[in-house]
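S.K.: Read off the chains here:
Protein chains: 2
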Amino acid sequence: MSSLDAKFARLGADNAPGQEVRQSADDLKSTMRGDILPGVPVDFSHGDVDAFEPTPGARAAWEDGFTAGAAQAYTEYRGAAAIRDDVAASLAAFTGAPVDPVDELIITPGTQGALFLALGAVVDRGTKVVVLEPDYFANRKLVTFFGGEILPVALHYFEDAPQRGPDLGQLKAAFEAGAEVLVFSTPNNPTGVVTQDAAILEIARLAAQYDVTVIVDQLYSRLLYGSESYTHLRACAERPKNLITIMGPSKTESLSGFRLGVAFGSAALIERMEKLQAIVSLRAAGYSQAALKTWFHEPEGWLESRIAQHEAIRDDLLAIFRAAGFRTACPQAGSYLFPELPKLVVSPEDFVRLLRVQAGVTVTPGSEFAPHTGNSVRLNFSQDHAASVAAAHRIVEMVERYRT
Amino acid sequence: MSSLDAKFARLGADNAPGQEVRQSADDLKSTMRGDILPGVPVDFSHGDVDAFEPTPGARAAWEDGFTAGAAQAYTEYRGAAAIRDDVAASLAAFTGAPVDPVDELIITPGTQGALFLALGAVVDRGTKVVVLEPDYFANRKLVTFFGGEILPVALHYFEDAPQRGPDLGQLKAAFEAGAEVLVFSTPNNPTGVVTQDAAILEIARLAAQYDVTVIVDQLYSRLLYGSESYTHLRACAERPKNLITIMGPSKTESLSGFRLGVAFGSAALIERMEKLQAIVSLRAAGYSQAALKTWFHEPEGWLESRIAQHEAIRDDLLAIFRAAGFRTACPQAGSYLFPELPKLVVSPEDFVRLLRVQAGVTVTPGSEFAPHTGNSVRLNFSQDHAASVAAAHRIVEMVERYRT
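Taken in sequence, the protein lines are chains X and G.
Each residue of the first sequence is one higher than the last, beginning at 6 in our numbering.
Each residue of the second sequence is one higher than the last, beginning at 6 in our numbering.
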């Protein structure tokens with residue numbers, strides 16, 4: 006196998022969210038138990054922007070952008086200056102630390118684009134990178150693609166852990182072992198764990214002490230439940246010199262169809278990211294960028310209502326899975342649930358395919374997020390409430406069919 | 006300097022089209038001759054979508070995509086299946102060879118995205134890649150970024166060359182020297198030269214013989230002037246096994262603000278490109294993809310009219326530059342002119358900045374396209390006709406001021 010074959014074999018995307026349509030189900034027939042479970046199909050692999058619609062005004066903002074013409078079609082690679090001005094001010098207020106719109110922010114094609122550029126800017130062949138397990142699957146794939154070496158650190162996500170969050174002992178050991186970069190999401194994808202104030206302070210302090218570059222993916226930090234609190238690493242008094250924070254309106258705000266993300270932080274890294282963007286895709290789609298004008302300017306009460314609706318779905322699904330005996334952490338933020346399924350007679354990957362074929366339910370296999378979470382499945386519960394409750398019951402019924 | 010510093014130093018984007026706004030002009034004052042030349046500012050660094058508006062129906066198609074909701078927001082990474090069906094049929098008819106919409110086509114964020122994915126799929130550390138000189142600047146940067154080694158081959162673009170087009174002798178020598186990949190644009194960016202039938206046949210034959218992967222950027226192949234003819238490499242009877250063709254509606258069709266491109270060809274390479282897209286930006290913006298429904302379905306006469314308007318501007322600018330004694334090749338297609346300027350008392354890069362500051366004219370320095378074309382400048386003349394003629398006269402006047 007050539008080195009390129011090997012490189013792309015490591016980038017397997019067959020089980021990635023949205024790619025399930027490319028799978029054949031022919032080989033499953035011999036293992037199938039029982040009939041089709043009827044019900045409204047639910048695709049938990051990503052949020053449903055029909056159930057939770059794009060933020061008010063996003064469409065009109067795009068249309069204004071289109072009407073503006075050339076000025077909005079061709080922007081600086083890092084995005085339109087006026088839009089960066091506005092977004093930087095919002096993000097400074099939200100995170101509690103200044104953001105220079107000229108030098109410290111880049112608009113990207115989705116937060117995926119931001120993650121790619123950020124890791125591309127700091128990971129080279131042999132760079133040691135701390136990756137949490139479990140965490141968003143692209144983190145591992147990106148580090149590998151750029152030739153970096155992964156130093157895994159456990160994320161303790163169940164409530165009965167002595168301390169929920171990244172294992173700070175392992176983190177310190179990885180920093181001592183020469184880690185140059187730390188990338189992690191908080192709220193965590195796939196578990197919804199929010200790294201708490203004391204841990205964020207300690208991570209910031211250690212990263213400063215060991216001069217580790219930190220990339221923190223805060224995509225879900227606006228969708229915070231109940232009485233949870235959130236600490237922004239970038240606002241810590243003691244923090245690393247090289248720090249990039251990533252956010253975007255694809256999730257809570259349902260603007261995924263616009264492909265918009267932002268990265269903000271150290272000017273030297275943002276400059277590298279822009280250089281990379283110049284050869285990757287030039288810029289986030291110009292007219293789409295205009296939709297960022299609505300971000301953080303949603304109507305009063307809109308965010309609170311969206312959070313309350315998601316919290317209600319979370320509570321119902323959590324109750325269903327826990328009643329069935331699936332060990333499931335309660336997400337503190339975001340719209341992911343990560344139940345651990347009991348031992349089954351089929352492989353987890355085949356079970357996920359059976360779920361899709363027999364129960365009309367699409368989930369993402371846990372093996373995407375860490376080597377040891379293969380028995381879990383990830384659900385994005387930003388869905389129609391009733392349909393997702395019914396689909397959760399079908400998951401339980403399917404597990405009963407296939408459990409050992 | 007660290008290896009990452011060096012890597013990004015090679016990605017310099019300061020002179021890239023659209024990035025000029027980030028430059029300071031303070032250091033130019035001491036060398037400035039004469040006053041400001043009044044006139045409507047013209048940015049020749051890219052086409053003006055206000056002068057040549059997006060194709061009819063593109064906006065409505067986006068709006069239909071938005072209204073369609075979830076199905077259009079989240080597509081397969083390679084793009085929405087129904088849209089690929091339609092585009093594949095159009096491209097098969099246009100290029101004269103079949104395109105399988107399931108396995109042989111990917112929709113990307115602009116043709117820049119397609120180029121990035123295509124080169125990322127076939128260039129690894131040490132891969133020998135033939136790059137034409139001059140050619141689109143990102144080709145060189147991409148090969149370098151992926152760690153490949155550039156084997157330069159001359160493009161003869163002036164009419165007095167024995168044979169206009171890629172130097173086939175040099176090309177064969179590069180293939181014999183172990184080239185694994187050839188990337189080139191036809192119509193050529195920045196010169197507008199179309200590689201002619203006999204040369205395309207020979208390139209296809211040689212690539213097949215030496216098993217060289219070919220990536221051919223045909224972005225401007227619809228904007229063909231007068232009696233010019235065009236040969237699609239992918240339709241040659243004898244052709245390389247690994248072949249990717251790149252096109253998109255950003256130029257002729259003025260849909261740059263949507264960020265849409267397509268790559269089509271060998272299924273194994275398209276699959277790699279999709280895997281890479283999964284970690285780079287997931288997909289071209291979902292709602293934007295819907296605008297591809299208008300591509301190749303423009304109203305009758307629309308394309309002919311657009312070509313005629315561009316040809317008229319081309320002829321006027323060419324006459325102005327040739328009258329001033331600037332050696333300038335006549336483009337056979339596309340909207341680029343690449344005049345060679347006489348010796349000046351300032352560096353070509355400073356002259357380009359002076360042009361912007363004193364004459365309100367933005368062009369791209371020739372050094373972006375080949376090491377030896379530093380005395381040329383590239384103009385994208387997809388602009389308001391009268392304004393571009395006036396701006397061309399200002400360029401001539403500025404050259405007179407600064408010539409040695």
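Honestly, the hints are just simulated from the structure, not real lab data.
It is possible that part of the hints are untrue.
Since copy identity is lost for identical chains, a pair holds within one copy or between any two.
List time: in silico EDC-like cross-link candidates among lysine to aspartate or glutamate, alpha-carbon distance up to 16 Å [stated by the list, open to error]:
1. 177 - 402
2. 348 - 303
3. 348 - 90
4. 12 - 276
5. 348 - 172
6. 246 - 68
7. 246 - 202
8. 298 - 19
9. 12 - 129
10. 34 - 303
11. 12 - 233
12. 246 - 165
13. 246 - 58
14. 34 - 202
15. 348 - 216
16. 298 - 355
17. 34 - 69
18. 12 - 172
19. 133 - 165
20. 246 - 164
21. 177 - 69
22. 12 - 389
23. 298 - 48
24. 133 - 19
25. 246 - 81
Model, not experiment: these values are computed from the prediction.
S.K.: Each of the hints needs a verdict: does it hold here or not?
M.R.: Each hint, compared with the structure:
no., hint, in the structure
1, 177 - 402, "neither (43 Å within a copy, 64 Å between copies)"
2, 348 - 303, "neither (45 Å within a copy, 57 Å between copies)"
3, 348 - 90, "neither (52 Å within a copy, 41 Å between copies)"
4, 12 - 276, "between (27 Å within a copy, 13 Å between copies)"
5, 348 - 172, "neither (27 Å within a copy, 64 Å between copies)"
6, 246 - 68, "neither (40 Å within a copy, 43 Å between copies)"
7, 246 - 202, "neither (20 Å within a copy, 56 Å between copies)"
8, 298 - 19, "neither (35 Å within a copy, 27 Å between copies)"
9, 12 - 129, "both (14 Å within a copy, 9 Å between copies)"
10, 34 - 303, "neither (48 Å within a copy, 46 Å between copies)"
11, 12 - 233, "neither (41 Å within a copy, 42 Å between copies)"
12, 246 - 165, "neither (34 Å within a copy, 57 Å between copies)"
13, 246 - 58, "neither (38 Å within a copy, 45 Å between copies)"
14, 34 - 202, "neither (50 Å within a copy, 52 Å between copies)"
15, 348 - 216, "neither (43 Å within a copy, 49 Å between copies)"
16, 298 - 355, "neither (43 Å within a copy, 36 Å between copies)"
17, 34 - 69, "neither (51 Å within a copy, 38 Å between copies)"
18, 12 - 172, "neither (30 Å within a copy, 33 Å between copies)"
19, 133 - 165, "neither (31 Å within a copy, 55 Å between copies)"
20, 246 - 164, "neither (33 Å within a copy, 55 Å between copies)"
21, 177 - 69, "neither (49 Å within a copy, 52 Å between copies)"
22, 12 - 389, "neither (39 Å within a copy, 47 Å between copies)"
23, 298 - 48, "neither (29 Å within a copy, 26 Å between copies)"
24, 133 - 19, "neither (27 Å within a copy, 30 Å between copies)"
25, 246 - 81, "neither (26 Å within a copy, 38 Å between copies)"
Figure legend: structure checked against the earlier numbered hints; hints not met, in rising order: 1, 2, 3, 5, 6, 7, 8, 10, 11, 12, 13, 14, 15, 16, 17, 18, 19, 20, 21, 22, 23, 24 and 25.
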